[in-house]
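Residue numbers (the numbering used here), protein chains in the order written: chain A, 1 to 183; chain B, 1 to 247; chain C, 1 to 359.
Don't read these hints as lab results, they were simulated from the structure. Remember, predicted model here, so these are calculated numbers, not experimental data. Treat the hints with caution; some may be incorrect.
Unchecked claim - Residues on chain B that point at chain C, a partial pick, calculated with CB under 8 Å: (1) G61; (2) G77; (3) K201.
Beta carbons are placed, not taken as given, at the ideal position from N, Cα and C, and that holds for glycine.
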Amino acid sequence: MKQSFVFSGSGGQGIMSAGITLAQAAIDMGKHATYLPEYGPEQRGGSAKCTVVISDESIVSPLPKLCDNLIVMNEQAYAKFVWDVKDGGILLMNSCRITDPEDLPEGATVISAPVDDLALEVGNAKAANIILIGILIGATDVVSEEAFRLSLNEKFKDKKPGILEMNLNALEKGIEIGKKYKK
Amino acid sequence: MAEYKRSTLIADSPSGYCPGCLHSLATRLVSDVIEELGQGDNSLNVISVGCSALNILYWGGDFLSVAHGRAPAAATGIKRSNPERLVFAYQGDGDLAAIGLSEIMSAANRGENFTVIFANNQTYGMTGGQMAPTTLIGQKTTTTVYGRDPATTGYPMKMCELISTLEAPCYVARFALNSPKGVREARAGIKKAFELQLQGKGFTFVELLTNCPTNWKMTPLQTLDYMNTNTIPYFKPGVYKDTEVDK
Amino acid sequence: MGEKKFMKGNEAIAEAAVRGGCRFFAGYPITPQNEIPEYLSWRLPEVGGSYVQGESEIASVNMVYGAAAMGTRAMTSSSGPGISLKAEGISYLAAAMLPALIVNISRGGPGLGSIQPAQSDYLQATKALGHGGFHAMVFAPNSAQEAVDIVYDAWEYAERDRNPVLVLMDGCLGNIMEEVELPPMKELKDEDLPEWSLSRRNGRDYQGNITPIYTELILEGLNAAAGEMYKAWEEDDVKVEEFMTEDAEYVVVAYGIASRVAKEAIINLREQGFKVGMIRPITLFPFPKANIKNLDYSRVKGIIDIEMTIPAQMREDIELQVLGRCPVYEYGRSGGVLLDDEGVYEAIYEIVSGGEIDG
Numbered sequence: 001m002k003q004s005f006v007f008s009g010s011g012g013q014g015i016m017s018a019g020i021t022l023a024q025a026a027i028d029m030g031k032h033a034t035y036l037p038e039y040g041p042e043q044r045g046g047s048a049k050c051t052v053v054i055s056d057e058s059i060v061s062p063l064p065k066l067c068d069n070l071i072v073m074n075e076q077a078y079a080k081f082v083w084d085v086k087d088g089g090i091l092l093m094n095s096c097r098i099t100d101p102e103d104l105p106e107g108a109t110v111i112s113a114p115v116d117d118l119a120l121e122v123g124n125a126k127a128a129n130i131i132l133i134g135i136l137i138g139a140t141d142v143v144s145e146e147a148f149r150l151s152l153n154e155k156f157k158d159k160k161p162g163i164l165e166m167n168l169n170a171l172e173k174g175i176e177i178g179k180k181y182k183k
Numbered sequence: 001m002a003e004y005k006r007s008t009l010i011a012d013s014p015s016g017y018c019p020g021c022l023h024s025l026a027t028r029l030v031s032d033v034i035e036e037l038g039q040g041d042n043s044l045n046v047i048s049v050g051c052s053a054l055n056i057l058y059w060g061g062d063f064l065s066v067a068h069g070r071a072p073a074a075a076t077g078i079k080r081s082n083p084e085r086l087v088f089a090y091q092g093d094g095d096l097a098a099i100g101l102s103e104i105m106s107a108a109n110r111g112e113n114f115t116v117i118f119a120n121n122q123t124y125g126m127t128g129g130q131m132a133p134t135t136l137i138g139q140k141t142t143t144t145v146y147g148r149d150p151a152t153t154g155y156p157m158k159m160c161e162l163i164s165t166l167e168a169p170c171y172v173a174r175f176a177l178n179s180p181k182g183v184r185e186a187r188a189g190i191k192k193a194f195e196l197q198l199q200g201k202g203f204t205f206v207e208l209l210t211n212c213p214t215n216w217k218m219t220p221l222q223t224l225d226y227m228n229t230n231t232i233p234y235f236k237p238g239v240y241k242d243t244e245v246d247k
Numbered sequence: 001m002g003e004k005k006f007m008k009g010n011e012a013i014a015e016a017a018v019r020g021g022c023r024f025f026a027g028y029p030i031t032p033q034n035e036i037p038e039y040l041s042w043r044l045p046e047v048g049g050s051y052v053q054g055e056s057e058i059a060s061v062n063m064v065y066g067a068a069a070m071g072t073r074a075m076t077s078s079s080g081p082g083i084s085l086k087a088e089g090i091s092y093l094a095a096a097m098l099p100a101l102i103v104n105i106s107r108g109g110p111g112l113g114s115i116q117p118a119q120s121d122y123l124q125a126t127k128a129l130g131h132g133g134f135h136a137m138v139f140a141p142n143s144a145q146e147a148v149d150i151v152y153d154a155w156e157y158a159e160r161d162r163n164p165v166l167v168l169m170d171g172c173l174g175n176i177m178e179e180v181e182l183p184p185m186k187e188l189k190d191e192d193l194p195e196w197s198l199s200r201r202n203g204r205d206y207q208g209n210i211t212p213i214y215t216e217l218i219l220e221g222l223n224a225a226a227g228e229m230y231k232a233w234e235e236d237d238v239k240v241e242e243f244m245t246e247d248a249e250y251v252v253v254a255y256g257i258a259s260r261v262a263k264e265a266i267i268n269l270r271e272q273g274f275k276v277g278m279i280r281p282i283t284l285f286p287f288p289k290a291n292i293k294n295l296d297y298s299r300v301k302g303i304i305d306i307e308m309t310i311p312a313q314m315r316e317d318i319e320l321q322v323l324g325r326c327p328v329y330e331y332g333r334s335g336g337v338l339l340d341d342e343g344v345y346e347a348i349y350e351i352v353s354g355g356e357i358d359g
C-alpha cells in the first residue's frame with residue numbers, strides 16, 4: 001500500500017511541519033516514508049509545498065506529480081495544484097482561504113474544512129498542521145489514531161503545560177471531520 | 001661577536017633571489033628567530049605565490065606551498081587542525097594586498113592564532129615588475145610606465161593601518177629592512193609575534209619593507225636610499241597594534 | 001549495525017562525514033546545501049574537530065587544503081556557483097596530491113541559475129573540476145542512505161589515491177528526508193596519520209613539505225601517473241546498478257534523483273509488458289563504460305538518457321559506448337523544474353511504444 005500527499009499553501013501555514021510530522025509518524029509505525037520540501041527564495045511568506053510518500057515497502061520515487069491526497073491551504077495553491085489529485089483521491093481544502101472554488105475535480109473526495117478557524121479555536125494558529133493530519137487520519141488509514149496520539153505525547157511531554165493538550169485537542173477536531181469522509 | 005653561520009632552517013642551496021634583494025634577509029631573520037625559540041621542527045612555513053615562493057627552493061623546515069593569495073586561508077586549516085604548531089605565512093604585496101586581500105583581512109578578523117610575515121617591495125617581482133597595490137605614487141613599473149597615477153590606479157594600500165583597525169589582531173607592526181637599526185627592530189618584532197602565537201594570543205602581523213633592485217632598475221645601494229626618501233615616508237614603520245601594551 | 005533515523009539528506013551527509021573521520025569543514029552559505037555547514041558547525045566541535053565559515057568559497061577550499069596537508073580528514077560543500085569558485089582550490093588539491101571530500105548539492109544553471117534542484121553539473125564534475133586536466137572520483141548517490149554510505153568511505157578512496165573525491169547530488173536528495181541507518185564512528189589514531197602529512201603527531205622527525213609546483217619532468221611524470229590512476233579506477237572502482245537489463249529492449253541510463261523517478265516508471269512499464277531496464281551509474285567518474293558497451297545490441301532498440309537538466313550532459317559519454325548501434329534518446333526537466341513520475345513515464349512510454357520523440 002503506497003500513498004502520496006502534497007501539502008501546499010504559503011509559508012507560516014504549517015505546510016512543512018504537517019508533512020514532516022506525518023512522515024515521521026508513519027516511520028514510527030514501521031512504514032517507509034519520504035518527505036520532500038520545495039522551497040522558494042523567501043524566508044517568510046513565500047509559497048510552500050512538500051510531498052510525502054508513505055508505503056509499506058521501501059520507496060522508489062519520491063517525486064509523484066499526481067497524488068492520492070492533496071492538501072491546499074490557500075487560493076494560490078488551489079489554482080496551481082487542484083488538478084494534481086488522482087481520481088478517487090482526497091482534496092482537502094482550507095475553507096477559510098478558499099471560499100469560492102471553481103472546477104472541483106469530479107473524481108476526488110472533497111473535504112472543505114475551516115482549518116484556520118479550528119486552529120484558533122483550539123488556541124493557536126500553529127495547530128493547523130495537527131488538524132490537517134487529524135483529518136487525514138480520520139479519512140484514511142495512513143497512520144493509526146492511537147500511534148499518532150502516542151507520538152504527540154512523546155513529542156510534547158517536556159513542553160510547557162497545555163501544549164500537549166492543545167495538540168491532542170487539534171487532533172480530535174481533525175479526526176472528527178475526517179471520519180465523516182471515511183470510505 | 002656572535003658567529004654568523006647558515007641557519008639550519010635554510011637548506012644548503014642557492015636562494016634564487018636576485019643579488020641585493022632583501023627577501024633573503026627577511027627569510028633569514030624569520031629562520032633565526034625560529035631557531036632561537038627552539039621551534040625548528042615545530043614550525044610550518046605556508047609559502048605563497050610570487051618571489052616569496054622561492055622559499056620552496058631553500059626553506060629547510062616543514063612547509064606547505066599554496067595558491068596565490070590563499071596562504072591565510074590554508075594557514076587557518078593548518079592551525080585549526082594542529083594548534084600546537086608554530087605556523088606562519090610568508091607573503092608578498094601582490095599576494096597579500098591584491099588577490100589575497102579577502103583572505104588576509106578575514107583571517108586577521110577571526111583572530112586566527114598564526115603569524116603573517118608580509119614582505120612589501122611595492123612590485124610584482126616574479127612576473128617582471130608590474131604595478132602592485134603597494135606601488136608608490138609616481139613609481140614606474142611595467143604597467144605604469146609613466147609612474148603610478150592615482151587618478152586611474154588609486155593609492156598604495158597601507159596594510160598595517162588597515163589590519164590594526166580590526167578588533168581581533170594582537171600585534172601589528174611594520175619595519176624597514178634598509179638599515180641595521182631597522183633589521184634589529186624587525187628581528188625583535190618577528191620574535192614578539194611568534195612568542196605571542198606560542199602563547200595562544202591570536203593573530204600577529206609583521207610587515208617588512210623590502211626592495212627590488214631588478215625591477216626598480218637600481219643598484220642595491222640605490223634601493224636602500226630610495227626606501228629612505230620614498231618608501232618609509234609613506235609606509236611609516238612602527239607598532240600599529242599591541243594588545244599587551246595597549247590594554 | 002547502526003541506528004535508524006529519519007533525516008534530511010544534507011544532515012545525513014554531515015553526520016556520515018563525522019563518523020567517517022571528518023574533523024575539519026570550511027564552507028560558505030549557498031542554497032540548497034546549507035544544512036551541511038549548519039549541522040557541522042555544532043557537530044564537529046563535539047568530536048574535537050573544527051568548523052570555519054569561510055569568507056568565500058575560494059578561502060574555504062583553501063582552508064580545506066591546509067587541513068588536508070596535516071592529514072586531517074577535511075571537506076567542503078557547496079552548489080554549482082560555489083563549486084566554480086572552488087575550482088582553483090580543487091585543482092591545487094589534485095596538484096599537491098591532497099585527499100579531501102567536496103560535496104556538490106546541485107541546482108539549476110548556468111550562472112546563478114535557480115536555487116531549486118537540478119542535475120546541471122555533470123560535465124563540470126566529470127570533465128573539468130578545475131584547470132589542468134585532472135579528475136576526481138565522482139560519486140552520485142540516489143538516496144540519503146547511499147549518500148551516507150559513500151560519504152562514510154569517501155576518505156578511504158581520497159587517501160588511497162591522494163586525490164580529492166567529489167560527491168554530486170542534486171537539491172532534491174539534499175533536502176529529502178528519509179530513513180537512514182548510520183554507521184559507527186571510525187576511530188582514527190595519530191600514529192596512523194599518513195607519512196606524507198605535515199603533521200608531526202605521527203612521530204615524524206624529518207623535514208616534510210607539500211607543494212603544487214614541480215619542475216617540468218617531475219610534473220610530466222605525475223601527469224602520467226594520474227593517467228594510470230584514472231585507468232585503474234575504471235578497472236577497480238566502477239560502481240553501477242543494473243535494473244532489469246537482462247531482457248531489456250530499451251535501456252534507461254540515469255543517475256541520482258533521475259534514476260529513482262525512472263525506476264518507478266520502469267516498474268510500471270514492465271507491468272504493461274514493455275521490456276525496459278536501467279543502467280544507473282553510481283560512479284560518474286569512472287563511468288560504467290562496459291555496462292553500456294557490452295549490451296546486446298541485437299536486442300536493445302534504444303538507450304534513453306534521463307537527466308534533470310536540459311540538454312542532457314551524460315549523453316556524449318553514453319554515445320561513446322553505444323557507437324551508433326542503436327538510437328540514443330534523451331528526456332529531462334531543467335532550470336529547477338523537477339522530474340516527476342508521470343512525466344518520465346510518458347516520455348519513456350512514447351519511445352518504447354513507437355511514438356515519435358526527438359532522438
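Checklist line | Enumerated hints in conflict with the structure, sorted upward | finding: 3
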